[in-house]
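As you go down the protein sequences, you meet chains U and D in turn.
Taking the numbering used here, I'd label the letters of the first sequence as residues 1 to 483.
Taking the numbering used here, I'd label the letters of the second sequence as residues 484 to 915.
Source of the hints: derived by calculation from the structure; they are not laboratory data.
All C-beta atoms, glycine included, are put in the ideal place defined by N, C-alpha and C.
Do not take every clue at face value.
[What the hints assert, rightly or not] For each label pair, taking beta carbons as the anchor points, the in silico distance ranges come out as:
no. : chain 1 : residue 1 : chain 2 : residue 2 : range
1   : U       : Ser243    : D       : Phe694    : 51 to 57 Å
2   : D       : Asp855    : U       : Arg381    : 56 to 62 Å
3   : U       : His420    : D       : Arg685    : 47 to 53 Å
4   : U       : His420    : D       : Arg831    : 46 to 52 Å
5   : U       : Thr240    : D       : Pro697    : 56 to 62 Å
6   : U       : Gln108    : D       : Asp592    : 43 to 49 Å
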Amino acid sequence: MYDVAIIGAGVVGSAIARELSKLCGNFCVLEREEDVCCGTSKANSAIIHAGFDAVPGTKKAALNVRGNAMMDALAKDLDIPFRRNGSLVVCTGEEDRGTLETLMERGQKNGVPGLRIVERDELLSMEPNLNDDVICALFAPTGGIVCPFDMTMGFAENACINGVSFFLDTEVTGIEKKADGYSLLTRRTDTKASETIDAKIIVNAAGIYADVFHNMVSESKLHITPRKGEYLLLDKDAGTHVSHTVFQLPSKMGKGVLVTPTIPGNLLVGPTAADVPDREAVNTTQAGLDFVAKTAGRSVKNIPLRQVITSFAGLRAHEDGDDFIIGEAADAPGFIDAAGIESPGLTSAPAIGELVAEIIRKKLSLRENPAFVPVRKGVLRPETLSMEERNRLIAEHPEYGNIICRCEMISEGEIMDAIHRPLGARSLDGVKRRTRAGMGRCQAGFCTPRTMEILEREVPMSIFDITKNGFGGTIIVGQSKEA
Amino acid sequence: MKYYDLVIVGGGPAGLAAAVSARDCGIEDILILERDNELGGILNQCIHNGFGLHTFKEELTGPEYAARFIDQVTECGIDCKLHTMVMDISVDTETGSSRKKVTAMNRTDGMFEISAAAVILAMGCRERSRGALNIPGFRPAGIFSAGTAQRLVNMEGYMPGREVVILGSGDIGLIMARRMTLEGAKVKVVAELMPYSGGLKRNIVQCLDDFGIPLKLSHTVIDIEGKHQVSAVTIAEVGADRKPIPGTEERYTCDTLLLSCGLIPENELSKGAGVALSPVTFGPVVNDSLETSIEGVFACGNVLHVHDLVDYVSQEAAAAGKHAADYIRHGNKKHAKTIEIHSTDGVRYTVPKYIRPTEMSDTLTVRFRVGDVYKNCSIAVYFDDTCVSRRKRPVMAPGEMEQIILEKKKLGEYPDIGSITIRIEEEGGNLL
């Protein structure tokens, strides 16, 4: 029997797992997908929010500000690419200035440091490509950008090496209350094999499905609405179009979209916000993409939309109460929710991990884990090395001299690292999230066959079993006639 | 640092022909840098025939065509580094000369620098991706650029799927429609956004018509279904504004979507070096010697502009090799008078864009593409306001390159010329 079983290996489940691994106990994470970071965690704005947006007194407000403050140390320990590039909320009409000031006061109540209103001249010197009609902006110096893949991998890999078991391709199909905890009924998504996993405590970090699991054990029902957000990602050539994360002030024109650089150096524009009935609907729509393209120009001018390299959609887990639901369900002792985690969920994840682990520590009286290793190294990026260092690396590991992804200049060595590290990649998307191979302007047109060969050799696995993102969605279906 | 007279980036058809030509012009010290593990570039996966009708007066497969040039490169003893990625090209500041510094990397040499008197860019092009096309829908397995599918089928021996929809009627898409059919797959439809095909007429006949594969012009993909594997694709007719027309949707169940929606010259290295690029071709802007905006840096083949036939790539590359050899031996004719070729009225661009009447070869082939389908129209050439030639063409289409020949002698008769204009005219010389 496990002390704790966590449902969901997104950023929240992984952050909780990592915090728990600081304690002595027997912990596991169950994930339906073939990899960690496959749901909302992989398709969002990748922003570490400053914390001025959430209503004071809410969990969102407190955990956002706390999570933001934790990021510097976490980025160092877990080798997470993170940069405080600063956020701007731009205002384009005098009639909206009051709204901007209210936003600043809200941020100040939430404890966000360094907030100030920047007037037009200074604003344009900070961000020359802002739209001509901007008059002022709220500047939040603690706002930042992060690689959400590396953030989730950082938590998950570190939890893994500290002893947390991860069961991927494992879907939870039912929960039964038992005298000393819960039984989770599970089914392998690949082999369809069933298994029961018992745990004293269940943590519900199931994202868009968190209400489904909560409602299996509690009469106090939750209701999560998938709220779709669609994005356009632009070529690195456009990545310096803005240097700050530029938000639009909610106005009579609507909530607006953000324009931001990303950690690898692309430009990201979005998201939309549309409630959808289907929890699997991570498809983009023509209307959504058109909206993003049209709306982005409200705050930033001359966005080179011809340089879009891909578009994507994610689903926010919006709970009816409009706040995070974190804690033990009142009528289900030992069932702990981390539900309704929508924006600022990525920012709050470290703080949610801390909070949930503390609840569990008290409940089970767990001791500190003296063997806890706090650090994790990310995939080695040769581009960060000097030519001499790089040549020493290649002399020792020639794979680092062999470029596989031409657009992002990712070597075979990095892909092998992604495969062989804890919770290593098993799919093309798994390799992509860990290394960026296939994430560039040709969108894996060139590197797909080569990455498949490396997966086949290094995992090892049959080339016919290699998927893009699991669930039997293989890249190839058989041999050609002449092969 | 190693020193070469000429470094050629890319060992495909352009790089090979440029190398052979430069050697024929007396340049001994040549290095080809090729990122793949063999020479020949994309020709190696083009196992269909139809290559070399102009160059060799016979029909060769892609690998056969490449082999003719690879053999010449080998016989000449030209140095090649395979499996070698060029990371950067810059002006060699250390020597204070106009030499170029090429930084490259491979498994055995690590990262290394080469100093070159001249560089020929011959990196080819890449395919436009689904993301760049802004096609809405899911992002599952089963969506390939036509060239990636071609590599999987022809070189690796794998089938990407069994039921196929193709978007775009570029030549690779047409070739792959036939290839997939021959391999036992069902190609259900080829949809083309434009009211005309972007491919060669002969490929439409031989690859679609002969196999009964429908080509739907003015159609595009408006949805892709399947979260992990493509399960269906919806296409719709588009209006004159190229936007889908509601009510014309047709859904095709399939496991594969191939994209053949245009090629983009791969100029990341050129950009890094500071080479000026054309907003129309996405390739370098060059003069009559195929020299880019950077002295001693030349370009040829699909990195310069996307060609329809490899024969023209070879011709162009041979010219680039010759001009690079001239440059290496005689330096740059910086102060020669330069005039611009304006492309208007249906002519999208020209390569070259600039010519130097006193320095150009006796005859210069100017290549271009038209922006629409033109029937019974003429290609007219103007020296300033004087029409100097008008050649009638029964059909011109964007999928096929056009050319005119400029003669040095003729230009010599117009010593004060300010510019040249090339345009498409209707019968009787009327502007379109």
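Now the hints, each set against the structure:
1. About 53 Å separates the C-beta atoms of Ser243/U and Phe694/D, a value consistent with the hinted range of 51 to 57 Å.
2. Checked against the hint of 56 to 62 Å, the pair Asp855/D and Arg381/U fails, with Cβ atoms roughly 47 Å apart.
3. Separation of His420/U from Arg685/D is about 49 Å and conforms to the stated range, judged on CB atoms against 47 to 53 Å.
4. With their beta carbons about 49 Å apart, His420/U and Arg831/D fall inside the hinted range of 46 to 52 Å.
5. A hinted range of 56 to 62 Å for the beta carbons of Thr240/U and Pro697/D is inconsistent with their spacing of about 45 Å.
6. The hinted window of 43 to 49 Å between Gln108/U and Asp592/D is violated, with their beta carbons roughly 58 Å apart.
In this structure, the earlier hints numbered 2, 5, 6 are contradicted, and the remaining ones agree with it.
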